[in-house]
Amino acid sequence: MDKGHASRHGVSPRLWLAGGWLLLALLAAIFAPLVAPQDPLAQDLMLERLPPFWLDGAEPGYWLGTDSLGRDLLSRLIFGGRIAFIVAFAAAIAACLVGSTLGLIAGYFGGWADRIISRVVDVWMAFPPVLFAILLVAVLGTGLSSVILAIAIIDWTRFCRVIRAEAMGQSRMDYVENARIAGYGRIGIMLREVLPNVVPSIVALLSLEMGIAVIVEAILSFVNLSISTDDPTWGSIIAEGRLSIHQAWWVLVFPLITLILTVLSFSQFGEALKARFDPVLR
Amino acid sequence: MSACLDIANLSAVLPNGQRVLRSVSLAVQPGEVRALVGESGAGKTMIGKAVLGVLPLSVRIVEGDMLLEGEDLGKLEPKARRTLIGARTALIPQDPLTALNPSRRIGPQMTDRLVRILGWSGERADSRIRQLLDEVQIRDPDRVLKSYPHELSGGMRQRVLIAAAFAAEPRLIVADEPTTALDVTVQKQILRLIATLQREHGTAILFVTHDLGVVAKISQKVSVLYAGKVVEEADTAALFAAPQHPYTRALMAATPRYTDPFASLKPVDEAVLAGLASEIAETDQAWRRPHG
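Protein sequences appear in the order of chains A and B. First residue of the first sequence: 1, per our numbering; consecutive thereafter. First residue of the second sequence: 1, per our numbering; consecutive thereafter.
Chain A extracted, bound-state conformation:
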């Protein structure tokens, strides 16, 4: 109860820090053409490997320095954020819809539905996820939609397993039996009695999954299997930075920091939201 009061009336720093970073990054990505100081694709060999602003030799307007082709790093990170967020939202929501629906059905109905769905999940999880992603993109072809599809195809099991377990626990509760006695249909009970009680977990998982999607997209760009090589993505910037680590460390370090902050924020934000959504914890 005490914990509940703190999060309702006080400010949860976790929620605000994580939410603040995500909002900042999201707004920058949405308004990228307005806020990016430079054209992210403009090459200028006169300006190659400029250091970030606080070091000697920095140029004004190139806050985080430039890469080996003289492209502005900050602008590239901001434009890369667009792809990161599109992939995060689309892939996580797709994985969530598929996984949660199947998990709810398996957990609530049990029996054959559960056995089939659980076996599929077991088989699915036997594949190493990153290899699976690389394989999928290789088959589907590179491009934004195949990256999203690949992540959704791999990660729906994450939702399915958790939601199945929760729905199973809920289904044994007396209020589900009461609804049964009252004469509700099975699907009505699943949606009205069981679903609201697993929503907090769905929300937390969704946010966590967005972070994971960002990582997977970065991994795919790192191995050059994401979208076309022209558009900057965090993964492709990291890949470039790795090559020039001894001449220009900032090209590797800044995208890594951005990536880590974003992934961490997604998971923290999800946990904080879960507490808010749960009437018992609230």
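Source of the hints: derived by calculation from the structure; they are not laboratory data. All C-beta atoms, glycine included, are put in the ideal place defined by N, C-alpha and C.
Partial list, derived from the structure: chain A residues whose beta carbon lies under 7 Å from chain B: (1) M173; (2) D174; (3) Y175; (4) E177; (5) N178; (6) R180; (7) I181; (8) G183.
So the derived label-pair ranges between C-beta atoms look like this: (9) B:S121 - A:L27: 45 to 53 Å; (10) B:L118 - A:G110: 27 to 35 Å; (11) A:R172 - B:E200: 31 to 39 Å; (12) A:G110 - B:K79: 18 to 26 Å; (13) A:A165 - B:R257: 41 to 49 Å; (14) A:V123 - B:V59: 31 to 39 Å; (15) B:S58 - A:L27: 50 to 58 Å; (16) A:N224 - B:S58: 50 to 58 Å.
Position chain B relative to chain A; hints supplied.
The following block gives chain B in isolation, referenced to the frame of chain A:
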């Protein structure tokens, strides 16, 4: 007069073939409270669940009839059976903490059933619920209806559940140890409430309990259950005056008495249990012969 609930010769088995209900017969007349008393594991709750159509999937009814107001539940289509059970019966559950959905407010939970299942208008359901909350002596219905279950005490939640059970004027209520999860002072109030509402609404109740004190207070008829078999059946007054079956006598002797608070608790006598075991074995043998 046809019985409100008439169970005849009901047997149920587990997947391993073990019988959990052994040819149970009992009837509840309209407006009557029938207590179903026995130790835990005796199958009291199982009978309640069988009547309400919510037996666990592993338990299978292999024989017997259940008539709800003359309608044979076993002969109805599943959908028609659900509708009939939903309209004519209700449950007062054992544990008020898990019997309400934690993520929904009390108000919609209570009115939902009247509106969606029975087709009442929203206003009618609302005024009905308020009337019932008044009957179970909830003084601030506005606050309660807006609350989530965890914001109410156990006693309050049980009142809400009693109100909900009586709301649709069922003919039969199954009360499954409705006071077991509550503390002693609240138990008494809840018991009195159930008795009062039962009398005023004329509802028949199948009252499942292990507490002979509760049986004496609330019921007119008693069935004593052991290992899924009814070992004795009688008017409550007659049963307490002159218990016939040795097991019933042993149960009564095992009840702690206020008059002698320092007496040690008496378990049921070994000889009685041995007698019960052979009685059960006999009925099982008699049952197996025609059933292979």
